[in-house]
Amino acid sequence: MKHILSTLVLNKPGVLANVAGMFAARAFNIDSLAVGRTDDPTLSRMTIVIVGDDKVVEQVRKQLVKIVEVVKVQDFVGQDVVARDLMLVSVACNPEKRPEILALIEMFGGKVVDIGPKFIMVEVAGPENKIEAFIDLCRPYGVKSIVRTGTVAMARQTRTKTEE
Amino acid sequence: MSKNKSQPDSTVCKPGSQVIVDMLIEQGVEVIFGYLGGVVLPLFDKLYDAPIKFIIPRHEQGGCHMADAYARATGKTGVVIATSGPGATNLVTGLATAMMDSVPLVAITGQVRTSLIGNDAFQEADTTGITRPVTKHNVIVKDPNDLAQTIREAFYIAQAGRPGPVLIDMPVDMQLAECPIPPKAKIELPGFRIQYKGHARQIAAAATAINASKKPVLYVGGGCIISGASEALRAVAKKANIPVTTTLMAMGAYDQNRPESLDMLGMHGSAYANYAVQQSDLLISVGARFEDRVTGNLETFAPHAKIVHIDLDPSNIGKNLHVDIPVVGDAREVLEQMLEALEYKPRKEWFEQIAAWKASHPFTYDKNADVVKPQYVIEEVCRQTGGDAIITTGVGQHQMWAAQFYKYSQPRQFITSGGLGTMGFGVPSAIGAQIACPDRVVIGIDGDSSFNMTLTELSTAVMYDLPIKIVLINNGFMGMVRQWQELFYGRRYSQSSLKNPDFAKVAEALGCVGITVDKKDQVAGAIEKMLKQTKPCVVDFRVDPEENVWPMVPAGKSLHEMDGLDIFEMA
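So the sequence lines, in the order shown, correspond to chains E and X. Okay, so the first sequence: first residue is 226 according to the working numbering, each after it adds one. Okay, so the second sequence: first residue is -14 according to the working numbering, each after it adds one.
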């Protein structure tokens, strides 16, 4: 099962190495990892996505907490969260194909960020499955290159229980 | 440097090297183990005048083991200093040893100056990178303003909760820079919280389970020694009437001379401890972590037992097996909290069964053999020291015999590398323990292969007039791997024997007393002579080369499936 661990850490050099090293040393897999500063400049947030059974996830959480610079670990499982990936994708696109591709981009709420006679570069943000769907739909035109961030996530404040 | 407005004059500035020394004194450090090098010269210059005892090992690994044993013998934080590059990398084995056995250490390593870091400078190594997995925490000081507080935090982290080694990498320019000493304040590390007290509901659940149990066993680990839980443990075992088995790390946490002691459990544990665990209906683990050498096959470990797991480190709980009643907390605190709710139960049948196992399956060996049996040597050491010596060991067969045939009655009396299994730990750990306890008899029980790795540290013992005694169980093999090769590889002794020097002569050359024993009837006299020495002394016991450690639970087998029980018929 997929778990999103929202991990608050001290914004100090070496913290990422400590976290990544712990995962490697204990043979845990990271599905994705996104790191950025928070509103408090002394703190960063790592959004770590892992796949594992409850026992593994419990160990990951406990081992993370043991790292001195880790301030707090929150497992979003069972919570109503907004989870988003960001992708930049360059798709082969000659002028004839532009209208269909632009329609597709619009459907996904994407943004054209660069365009040339033979390609179009698109920015798409959204849940992981939406990103995957967009890639699938672009494939027939020819995907030239993809850059993706890991998932970032935040729990909804409204506390409405919904299904995952 | 902006000064704190409310205390304008309280911040003093001194060279970083002096601040390090000041902080070590502030932390109550009495002895430092360490080795010189280029980028720690400023620090060593300040140490020259410091009121701190300094011990120079012959190798940084030895120094780290000495600091480790000093910490294990006293409960205080051991301190080791090394230079950059090879000095720091030589600490790695020592740090890993301390990490696995939860020993509080502060290691200070020199580093090339900050402007050179990353340039492959002379004697540069990425010390924090290399030591990250073998330390509880490590940090490099890159700002003079952080230096003092970093040292205070290092000592705090080393001791807080489950102890461990902390490394501070100290670039030489930080040692030379003017560094402020902020006033001492309570250390606050965001998110670093330790739960010493156990949760009342969990403790009540554990007590209820204990009171209802017909066949309970207390399974005690090194956490009981670290937290000073021996007295609480005795009170609990007495009040609730429960037999006690200890792990290798907890020898001495419970007096082995008491009838309810089951001695050590596990791969080379006593048959009666292993049988008791396998038949128990309740296993109360206190400060232990269900390591594979203890449990054997986890699937069939304590199959009838409910498990209570008391541990300060939440990540230990549920790591290896399912726990019915987890209690996060300090061993001593939790046992003390629990005591009130416990009831005395006679458990007559259970104790009769245990007494029967003890009678039929004691630790034993062929006492009629003509050769020197290693077990006999250790029994005799125990007898002549009245079971009161501090024993340190290397790793291997001799270590297991030292655990089986010496009877420990006090915590911090047995000092051994349990988790990492570091060969070569014996001599330096005897030195560290002797420095910690100058008035005690300190005996390093070592194997010939372990001894070969660090015997150079005998020079250190000579230099500082430390009357350590080395009981060398010399079988001319890497005994434990030879035993495995005999049992599991058809006696093909691939690379497991060494051509040893004349160890007594080596000892004499280094300034120790050296004695060689190759006959059974010389053993007692040699030990007597050894115990009288005021100089370091090495007794080379040429023992039966193919003696095995019994009983033995082969790797992957269940705890009750012990080999070697047939030797009991010889007893």
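No lab work stands behind these hints, which were simulated from the structure alone. As the structure is a prediction and not an experimental result, all values here were calculated from the model. Each hint should be verified, as a subset may be incorrect.
As the list claims (entries may be wrong) - Not everything, but these chain E residues come out facing chain X in the computed CB check (under 8 Å):
id	residue
1	Gly246
2	Asn254
3	Lys291
4	Ala328
Said to hold, decoys possible - 25 Å max Cα-Cα, derived BS3-like pairs, lysine-lysine:
id	chain 1	residue 1	chain 2	residue 2
5	E	Lys287	X	Lys304
6	X	Lys199	E	Lys237
7	X	Lys490	X	Lys224
8	E	Lys287	X	Lys392
9	X	Lys291	E	Lys237
10	X	Lys127	E	Lys280
11	X	Lys304	E	Lys280
12	X	Lys224	E	Lys291
All C-beta atoms in this analysis are idealised placements derived from N, C-alpha and C, irrespective of residue type, glycine included.
To see whether the hints hold, each was checked on the structure:
{"no.": "1", "hint": "Gly246", "result": "holds (5 Å)"}
{"no.": "2", "hint": "Asn254", "result": "violated (17 Å)"}
{"no.": "3", "hint": "Lys291", "result": "holds (6 Å)"}
{"no.": "4", "hint": "Ala328", "result": "violated (48 Å)"}
{"no.": "5", "hint": "E:Lys287 with X:Lys304", "result": "holds (10 Å)"}
{"no.": "6", "hint": "X:Lys199 with E:Lys237", "result": "violated (53 Å)"}
{"no.": "7", "hint": "X:Lys490 with X:Lys224", "result": "violated (54 Å)"}
{"no.": "8", "hint": "E:Lys287 with X:Lys392", "result": "violated (37 Å)"}
{"no.": "9", "hint": "X:Lys291 with E:Lys237", "result": "violated (44 Å)"}
{"no.": "10", "hint": "X:Lys127 with E:Lys280", "result": "violated (39 Å)"}
{"no.": "11", "hint": "X:Lys304 with E:Lys280", "result": "holds (8 Å)"}
{"no.": "12", "hint": "X:Lys224 with E:Lys291", "result": "violated (35 Å)"}
Of the numbered hints stated above, those contradicted by the structure are hints 2, 4, 6, 7, 8, 9, 10, 12, listed in ascending order.
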